[in-house]
Structures are given as structure tokens and as C-alpha cells.
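*Asks:* Here's the letter readout for the chains.
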Amino acid sequence: MSWFSDNGLLLGLATLDGLSYAAAIFMVAVGLNLIFGVLRVLNIAHGSFYAIGGYSAASLGLMFAARGLPAWAAFAALAIAAAIVGVLLGPPIARLLRRTQHQEPVLQLLVTFGLFMILEDLQKLIWGVQPIVFDRPLKLLGNVDVPFAGDLIPFTRYQLFVLPGIAIVTLVALAWTLRRTLFGRMLVAVTVDREAAISQGIDADRITMVTFTIGTALAALGGALSSATASLVPGVGAQTIVLSFAVVATAGLGQVEGAAITALLIGLGRSTAIYFAPELEVVIPYLIMVGVLLIRPQGLFGVIETRRI
Amino acid sequence: MMRAREILVAAVAAAAILLLTLAVPWLRFVFTIAIAKGITVLGILVLLRAGQVSFGHALYLSFGAYIVAFAAPFCPEALLLLPLAALGATLLGLVIGLFVSRYRDIFFGMLNLALSMVFYSTLEKFYSITHGTDGIRLARTTFLGMTLTPETQAWTALGLALLLAAVFAILVRIYLESPMGHGLSAIKTREARLEFMGISAQRVLLAAYVLSAFMAGCGGFIVAMATRQVTPSLAYWTASGELVFIAILGGTGSVLGPFLGAIAYELTRVYAAALFAEGWQMILGAVLLLVILFAPGGLWSILRRMARQRVGRDARP
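As you go down the protein sequences, you meet chains X and R in turn. Counted from 1, the first sequence has number 145 at position 146 by numbering that gives the first Met the number 0; the numbering is strictly sequential. Counted from 1, the second sequence has number 47 at position 48 by numbering that gives the first Met the number 0; the numbering is strictly sequential.
Just so you know, the hints here were simulated from the structure itself, not pulled from any lab data. Glycine is no exception: its CB is placed at the ideal position from the N, C-alpha and C atoms. Hints should not be assumed to be uniformly reliable.
Here are the simulated lysine to any residue pairs, SDA-like style, with alpha carbons at most 20 Å apart [claimed, not checked]:
id, chain 1, residue 1, chain 2, residue 2
1, X, Lys123, R, Val269
2, R, Lys187, X, Gln100
3, R, Lys124, X, Lys123
4, R, Lys187, R, Gly296
On the chain R side, residues computed to face chain X include the following (Cβ under 8 Å) [unchecked claim]:
id, residue
5, Val52
6, Ile105
7, Trp236
8, Phe244
9, Ala285
10, Leu288
11, Phe293
12, Pro295
Pulled out of the complex, with its shape left as it was, chain R reads as follows (with noise of 0.2 Å):
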């Protein structure tokens, strides 16, 4: 019942999501970013189920991005490029994990947070190589051997990123209701209890984290795409800090509510910035402040609510 609702509401949403890119064409980059970014938030509500939060997964992303804007002039392919960035950002969140996965809480969120910084400083520090703040721009790409347009990269970006988005939400659906899934709650609640079991909290802890990597390394070849320019401030931790807020507005109770959450947070922030320019992450702060306080399970929980009200009142004879 559950599922199918989902499957409902997530082809309606991707359909919806077309027909107005096609109606008002400058919301093709903001649903593109905003799908990539959930796809970031994924990995994210991965880790949360855990009980741990991780401020500084803007590191895979930005990983996964600068590999994009390196490798692009020796491998336009961006077939390629998808692959070689997710690879890449796995192999980090692999080498990043065997140390981060044994560390709970606070811990594990500022050694991610550091990690990331360091990665943020090297990339603006190292001018010759990474051109500092200005970032990179992104060579001419191909899809399947045609060389891309702006316009048509543009619409090849949000395919895949529409594509990537199912097809990791329907993974990470089965992952979360594997027994390694429910480990995952389990350290939330009593991680002695798993030890005890013979399971090991960290190696179930290692798996999600490489998991969320990987989501994120492909999220940063969709921004990259989009953006057609990388730069370090995508790896600042206040853009890992966004990433944790996506999660929250969205709602960790369902694999669509990082993309309602990403969506929603991209349109506030656009709208917001035309409305007040100098004080849209005000509102975004109180916009997120207003959800934790009114509704702590995000916007995914307001529809479920809403829609459960209304089968209530249909069924009343």
C-alpha cells in the first residue's frame, strides 16, 4: 500500500517535474540541482537512520564534481564521467570511512566536518592546480560520442539526474529494509545489542557510509554538468550544513523526502532571494527553524498526514 503510493507519488512528481521544466525553462537548473542534491540527501537519511549526521558530506559531492572538471578534457564522454566520479568518491568515502566509522555522534560529525575543511582549503590554496576560488570551468562534454550543446548538456544533465534519482531512491528503499538497513537502526537504539548479536556496528556503519559516498560522488557529476563551473565553495561546510537541512525539511520517514525536501528548499531559495536579496538564508534559517519546531518530521510527514485525513473522511459512510 505504502509502496505503492510512493511509486505513485514519485512518477507523478518526475512527470510534474518535466512539464513544468518545459512550461518555464529556467527551472530546468533549479530541479536539476535540486534532484542532484537529493541525491546527496540520500546518503545522508542513510546515515541518519544510524543516529549520526555527518557535517561534511559536501566532500563526496565536490569529490565527485572536481573529478568531472579534471577528467572532462582527456574523457568528454559523460557516460564516462558518471561512472569515473561515483568510483572516485567511493574510493575516498571507503579510505574516509574505515577511520570515521569508528567514531558515534559529535565525533563523527566534526571529524567529517574537518576532513571536508581540508579538502576545501587544499582545492582554494592550491592555485595552480584547482585555479583557487574561481573553480574550474567544464570542458565540452559528449553523450554517446555527440559533443554537447549548453542547451542540450543542460537537458542531459537533468535525464540522468532524473534517472540516477530513481533508480538510487528504489535501492536505497530495499537497502533500508535489508537486515544491514535495520542494523542501521539498531545503532541508533542499542548498538551493544548488535555487537552482541556477532554483528559489527562499525562494518554496518562502514557500508552505509561508502553508500552515501557514492550517491553523493554521482550528485557532484550532476552539479558539475549543470553548473558547467566547479568551485571549492561547493566542498564549504556550510554546504554540508545544507545537505543535513535538505534531510530535515524533507523528512527521514521516506526515500522521497530528500528530493520533496531538495525541491522545496531550491524554490524557497530562489523565490526568497528575488523577494530579499540581502536576507534569504534568513529566511531559509526560519523557514527550518519553523519545521523542526511544527512539524519535526519534515514536509514528506504534512503530506502523509494530509493525505491520511483524506482517505479518513472518504471511507466515513
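Next up, chain X with everything else stripped away, as it sits in the complex (with noise of 0.2 Å):
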């Protein structure tokens, strides 16, 4: 009991980062998973979308208020930044990884390397190699006290409502939209089995196309929400990647709400490792990743599927 008393505070802040923390994780992870899922390939330059998401936001962010609009613009800028990453990059990459879906899954995962390679330096030559803040959105709301096991615990607005709200307004839309409507039946479809889907009439090429694009996005505004919490450096988009393979693989392939749980978990340890054992920060999620494919090959929430010949 002494030990909680001594490090509730910690605790506190712990938990509330990795709230917010896995958030954003889950942003990148859920459509990483949606995108694996039409196109059976894990897209390695989903990182990129997210840095790319994130520099988008800071710059126009930062054009807006110098342009002098009024304060709620600067969240309008992470949503306009997200949906405009999702249109310029989504097609086009989309239509390439349907060029090359007839080969064999190795040179299908290393097209997504190539265009990870060509995405970093893209991005390097826009937005340079400093350090690019925009914490704008964060001042604007401020802070709030939490209390939390008699302690009151200062944390930002933002963090504590405006990530995790984002976040599980996109949970609960995207699990609405799979099960409730015709182009999310067709979606489950074309991810169950794709010749069958085709057979009933399904635009399979044009589900892929729109489920990249909504993955693509989602990526890009998990990164414009968390370039408001950090600063953007380059790197950010392949130190994401692995971060969102973690979760992916160890909720299981095509999950989306154990994307989220698995999300909460990775989001939560990793935090409680930068407040008491800071060395072990990079390695918990893998380490979480490694023990639960030990005990369920198939992911915690996935489904051993049959292979099909």
C-alpha cells in the first residue's frame, strides 16, 4: 500500500498518457488492419502516412494562424491535413499495389518498402530535418485537474478528451459502417473472400480503393492529432510502423475492435515503462507482441483461418 501512496502520481500520469498515447496507435493500427485485409499485404509505408499526416497538419496549422483565423482553425487544420494526405497518397498507391497483387506476397511487401524509402525522403526534402512543432491545439484547451487516488493530477484537455474522443468516435463508426451498411458488408466481403465477392457483383477494385483511402487517412490523422502532443523529427514514420505491426499481430489480422484493446494495453504499458523502467520504453510493446503469439499463435482476438489451396 506504502508503494501505491508513493507512486500514485506516477501511476496517474501513466495511465493517462498511454491513453492518449494508444489513441493515436490505434488510429494507424485500425487502418493498417482494414487496408491488410482488401489488399492481404501489410503495408510498410502506412508509417510514412502517418508523418506525412502529421508535417501536413503543423504546416497548415501554422499558415492558418498566420494568416490570423480564429482559434478553432487549428483543429480544423489536423482534419483538413488528414483528409488530403488520404486523397493525394491513397489512389495512386492503392492502384499500384493492385498492379502487382498477381505476384508473389515477398515482391508485394517490398513495393510497400520501396514506397516507404521514396516517402522518407519525400518527406525530408519538404519538411527538412529540424525538429517541426505545433502545439497550438494543445494551449488552446488548456489544462484540467484529474484526481486520481487523492492526488490531482494536471494533464491537458486535449490528451485526456480530444485523442481519445477522436479515437473511439472512429472505433464505433468504423464497427457501425463493417456490420450496419452496404458498402461495409461488401468491405467484409471482399476481405473474406475476394473471387467470391466478385461473383456477386462487388466493384472489388473500387472497395480496395476506398478502403485505402479511409486507411490512408485515418493514418494521417492519428499523425496530425499526435503532431499537437510531439514534436515531429524525422524517423517518426518507421519507428510508427513497427509500433502499429505490434498491435496489429498481436490483436490478430482483421480485428478492429481488438485493434482497440490491443492498442489501450501496448499504449498503457509502454507509458508505465517510461515512468518506472525507462530503458524497457521501446522494447514493451514487442515484448507484449512476443508473449502473446507464444500463447495464441492466431493473435489474442484473431481466428484461425483454414488455408485455402
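From these two lone chains plus the hints, build me the complex, please.
*Replies:* Set out below in C-alpha cells:
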């Protein structure tokens, strides 16, 4: 009990940090998962969408501020930037990946690695290598005191409400779309069995294109949202993609709700490590993943698939 | 016929590398690193036969390199450091292989990636032991008791690299033609059939995995000898991605593919960086896309097609 009273404040901070962090990785991982569903390729370039989304949001937000637009425009900048990145990068890359879909899985994976290399340098060419800070949305909302185990923890409203709020809205919207709308049902059909879906008259190419664009925009939104909480540096895309791989593999492929729970698990694990064992910060997500896969090789929520011929 | 031509090509290439190195000194480093990577990529090629991609083999290369860096102050003899690095990487490969050989496809790739990232962050975070991102400077080494100067060490690294490359290329070629090697292709096409015949697919894959770790350890030894500085970036996942890149670039149809790919990769990188300092990675990425779109068999298949056309023309009356 005395350990808890000594470390309660840290534990509270770790929990709050973990929540907002989980929200950001969920946005990336869920997009990655959707794309894997329709294209059957783990998109390595997905982390670059996150980075480019963050950089675009920062540029747009700073531009809006320089033009003297009202404060709420900073939030609009986040959404607009994500949409632009999704629409600009999504369709052409989806088309390229469709072109290579008849090739071996290794080659498809390597196509996304090539794209990753190109996008990394493109990002460095456009935004340079100096860290970029855009914390306007964070400052605008100010702080709030969160009561936790008898202590009051000052925490930003942005990280407490906006980040997890948007993640929850995304989760609910996606779950609803996949289960209740025609587009969602078609997407699930393409994911489960592409040929059968086509034979039912579903335009699988169009579904793939739209899904890829949505996934790209979600990753970009994740980047845009976190651009307010951490400065942007080169290499952030490479870091994010391995982390979302860990989330997707731990959750099991093709799981939306599972990805949310796993993102939470990994987010909380990582933030706890930051406060209590900083050396382990980077390792924790992978240890969680390896541990889970040891016990459940198909992931926490994955379903064992019978291999089709 | 095929074998005779492969040996001929390899011998000519080795001679060309030595001649070019004598003529253009800065190429020595580029070639040494390329061959070290080529040796490691041979292991990737073996795993690709089973249809499995490891996105974490930089783990074994960096593990070998760090063993050399840690052991050099106590045991400077290069000919002892080499087996030490190889043994260390092999043992690590055996331990991890027992675990990852149960998984296939995405999960196999991701687990390798995860474990290599665990090693990367261990190297980065435990500053007191590994000096973090600064890395470790390699102590003076000896070769057969003679102390090596930076100049002679570079030559030793290149010589050993060429020797190891020749040995491993022959070894892997024999291995791939053996029943064990054919077992790998069976894992790729239909693993269940292998099991029906009473052969453990996991064991076939494990053997390939340990072999690949062993070769990567040797590659790590050469990298450490050539660069004389080991850093955690050797273990980052992009370094592993680079190895798979080289495998595809060179082509998986021949054991010479990895070396062809590695030399093409390193030379492209050097020239792209000189031409366009900020965008060398972009150029390499574009090369990769072009190869996959237009020559999915890699550079080796292009060479073979060219050779075949020439033979066809000569044969015509």
C-alpha cells in the first residue's frame, strides 16, 4: 500500500499518457488492418502516412495561424490535412499495389518497402530534418486537474478528451459501417473471399481503392492528432510502423475492436515503462507481442483460418 | 552447364572486384560491405525458398558485429573472432529459431522484426555497456599474430569476405539441391504434403533459419572489421528491410544473385548519395519498384536472359 501512495501520482500520469498514446496508435493500426484485409499485404509505407499527416497538419495549422484565422481553425487544420493526405496518396498507391497483386507476397511486401523509402525522403525534402513543433491545439484547450487516488494530476484537456474521443468515435463509426452499411458489408465480403465477392457483383477494385484511402486518411489523422503532443522529427514514420505492426499482430489480423483493446494494452504498457523503467520503453510493445504470440499464435482476437488452396 | 557458367561468372566477378579495388581504392570499402551483406542475404534467399521473409535478420548481423567489438580487446586475433561471431549468431539463431519456426508468413516476418527491435533498443538504451547510439570502436586486431594497421585490416576484411562468399555460395548451392533444400520449396507450395510424408516442416525451416543466422554472423564479423565501429543502427528494422531488398534486387534464382544485388545496391547508394544527397533513399526505392514491376526475377534473371539471347544468336546458322 505504501508503494501505491508513493507512486500513485506517477501511475496516474502513466495511465493518462497511455490512454492518449493508445488513441494515436489505434488510428494507425486500424487503418493498417483494414488495408491488410482488402489487399492481403502489410503496408510498410503506412507509417509514412502517419508522419506525412503530422507534418501536413503542422504546416497547415501554422499557415492558418499566420493568416490570422480564429483559434478553432487549428483543429480544422488537423482534419483537413488528414483528408488531403488520404485523397492525394491513397488512390495512386492503391492502384500500384493492385498492379502487383498477382505477384508473390514477398514482392508485394517489398513494393510497400520501396514506397516507404520514397516517402521518407520526400518528407525530408519537403519539411527538412529540423524538429517541427505545432502545439496550438494543445495550448488552446488548456489543462484540467484529474483526481486520481487522492491526488490531483494536471493534464492537458486535448490529450484527455480530444485524442481518446476521436479514437472512440472512429472505432464506433468503423464498427457500425462494417456491420450495418452496404459498403461495410461489401468490404467484409472482399476481405473474406475476393473471388466470391466479385462473383456476387461487388466491384472489388473500387472497394479496395476506397478502403485504402480511408486507411491512409486514418493514419494521417493519427499523425495529425499526435503532432500537437510531440515534435515531428525524421524517422517518426519508421518508428510508428513497427509499433502498429506489433498492435496488429498482437490483436490478430482483421480485428477492429481487438486492435483498440491491444492498442490500449500496448499504450498503457509503454507509458508505464516510461515512468517506472525507462530503459524498457521501446521494448515493451514487442515483449507484449512476443508473449501473446507464444500463447496464442493467431493473436489475441484472431480466428484460425483454414488455408485455402 | 548452368553450374559451369555460375562458377565462371563468380570467378570473373571476384577477379574484377580485386582489380577494381586496386585501381580505385575507395571501392574497397564499398565492395567489402557489399560482400558482407551478400553473405547475409544468402541466408534470406534460403528462407525465401520456403516462402518466408524475415524482416529482422539485421539482428544476427549486428549480433555478430557486436560480439567482435566486445571480444576484440580480450582476443584480438581475427581468425578467432570470426568463429566466435559465427558461433554466437548461430546459438542466438537456434534459440530464436526454435520459437519463430512455428510461425509462417506475416507472423514469421513480424516476430523476427519484433525480436530485432528488442535487440536494437537494448543496444541503444544500455549506454553503460554498449555506449548507446555512439557505438563501440573496434580495438586493434591481429591476423595470424600480426597486428593489423587500418590499411591491412581493410585488405584482410576484403580477403576474408571473398573467401567466405565463395565457401557459402557453394555450400548454399549444395544445400538447396539436397533433400533438405527441396523440403524448403515444399514448405512454400504445400506444407501439409511434407508432413504427410513424415517430415517435420518446422525442423526443415529451423535448419534453414540457423544456417541463415550463422551466415549473418559471419557477415557481421566482416562489417565490424571493415567499418571498425559498430552502432545500433546495424540492427534497426530498416537495415533488415535492406537485406530483403537486396535479395529481390539480385534475384533469388541463383546463389550469385545476393552478391550481384548487394554490389548493385551499394554502388547505387554511393552514386545516388553523391548526385542527390538528400534523396538517395528515394532513388533506391524507385529502383526497387522498377525491378519488381518490370523484372521480378531480379538482376540475375536479366543477365540470364541476355546470355540466353546471345547463345541463341550464335547458334543460328
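*Asks:* For every hint, state whether the structure bears it out.
*Replies:* Taking the hints in turn, this is what the structure says about them:
no., hint, verdict
1, X:Lys123 x R:Val269, "holds (19 Å)"
2, R:Lys187 x X:Gln100, "holds (18 Å)"
3, R:Lys124 x X:Lys123, "violated (26 Å)"
4, R:Lys187 x R:Gly296, "holds (17 Å)"
5, Val52, "holds (5 Å)"
6, Ile105, "holds (6 Å)"
7, Trp236, "holds (6 Å)"
8, Phe244, "holds (6 Å)"
9, Ala285, "holds (6 Å)"
10, Leu288, "holds (4 Å)"
11, Phe293, "violated (11 Å)"
12, Pro295, "holds (6 Å)"
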